[in-house]
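The residues making up each chain are set out below.
Protein chains: 2
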Amino acid sequence: MYKIRVYKKDLDYTYCLGVFPVVELLQKMSKVVDQVLLSSEGAQNGGVDEIMQLCEDNQIPYSINDHKIKLLAPKENTYAIAVLDKYQMQLNAEKKHLVLVEPRNMGNLGTIIRTMVAFGFYDLAIIRPAADIFDPKVISSTMGALFQARIQYYNSLSDYVEKHGTVSGKKRELYTFTIDDAKDIREVDFKAKGKDENYALVFGNEGAGLSAEDAALGTRVMIPQVGDVDSLNLSIAVGVVLWETVRK
Amino acid sequence: MYKIRVYKKDLDYTYCLGVFPVVELLQKMSKVVDQVLLSSEGAQNGGVDEIMQLCEDNQIPYSINDHKIKLLAPKENTYAIAVLDKYQMQLNAEKKHLVLVEPRNMGNLGTIIRTMVAFGFYDLAIIRPAADIFDPKVISSTMGALFQARIQYYNSLSDYVEKHGTVSGKKRELYTFTIDDAKDIREVDFKAKGKDENYALVFGNEGAGLSAEDAALGTRVMIPQVGDVDSLNLSIAVGVVLWETVRK
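Residue numbers (my numbering), protein chains in the order written: chain A, 1 to 248; chain B, 1 to 248.
Chain copies aren't distinguished; within one or between two, either way the pair holds.
Calculated cross-link-like contacts (lysine-lysine; reagent style DSS-like; alpha-carbon spacing at most 27 Å):
#  : residue 1 : residue 2
1  : 137       : 75
2  : 191       : 248
3  : 137       : 8
4  : 137       : 9
5  : 3         : 68
6  : 248       : 183
7  : 137       : 70
8  : 75        : 9
9  : 8         : 70
10 : 8         : 75
Note that these hints are calculated values from the structure, not bench results.
Isolated chain A, as found in the complex (with noise of 0.2 Å):
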């Protein structure tokens, strides 16, 4: 079993902490799970029986340990965490595509991978330099959602293109979102008949948005303001736009 320390980026495992994401860990991907550390406050929880019976479903150890707890998660109330090996993913080909360029974030990616498995994505590419999927709080963020995703990093936008420009034979629709000189959401369609279903949703970062480069790339697309704040915080438009991806 692993040491338990602090985590960093460079550790080949990571930790994935609070109830219902350890529970959906468990009942996706078991198998990168190396053991469960519970806590003898989540003793009466019902998610905590859960766990356990699914730790000895798969042969997974469990065990309470209060103080290894503390030290990874001193400042909330955490009944149980899964220590768990960083994995790798690939895009599935075939799939409509999330690309974020650079996204700091931790709070947010955690925020869009929830919301693109909840609407029906769960292909996320990812342009470095970017926040660390495996970061606990990205993880914690996504209530369990990553363990539903697939993931891939590139260095850059062109790169991903270089790799998903077609599907199937046929070009890929990139939608890029910006502010400047582009398309209103609501004029998009995105299953339009002789279009290719597998498009990708191109969102920049949370400070400059996407390059004019990167934004020439695909068709450039805006969501419409009323009010006058300068933007929408970024889990927010992606959020909108996976929703006018379905709602049609």
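Please arrange chain B on chain A, whose structure you already have, making use of the hints.
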């Protein structure tokens, strides 16, 4: 001028951190500003120049004070902090409202305030117990949108309904967001003829959602989800619904 100390909920004043939010504050609500602190590292920043100009125009004292900035924002690289009075606001009884029941997460609350202003909602009712809108973390995540909003706390949803259940003699429509036994949001016409356009959108909190009792006070509405994640993050759900009200 106020004594600069670490923020606590019972202080009569609070702090607005960051160049962009401070500019918004000085433009929208300079009369509540006590003083502005600047970092010596921000001397080359165009936004800092704008802050100094706005302070001079409004006769607000400002000073370079790296020590106090470090005290209030120990982790980040912050160029400007405004000290401001907490102020009372009143909902506009003639407008559409957003209602949050017992929101606890400060990041979510701030993001929601930013999003409502972006989509043309300016009135927010908050049902206690709830996060403190004047906590610097909330103010930061509103990106200054707080200073355009009108926000009032109530002790219960019934208290709110008692006060705002009618608009100009007509019943105010309440839409209560929930998962069970609810109407698909795509079937709701927020601008139907003969209906009051100054409706209220009511959301429960991050953990428990709306109680059955609260949900029954209005028309139950849901956002259909495709994947099998348990639910959307609260700020994403609110963002999608606010977008729905403006998109049509």
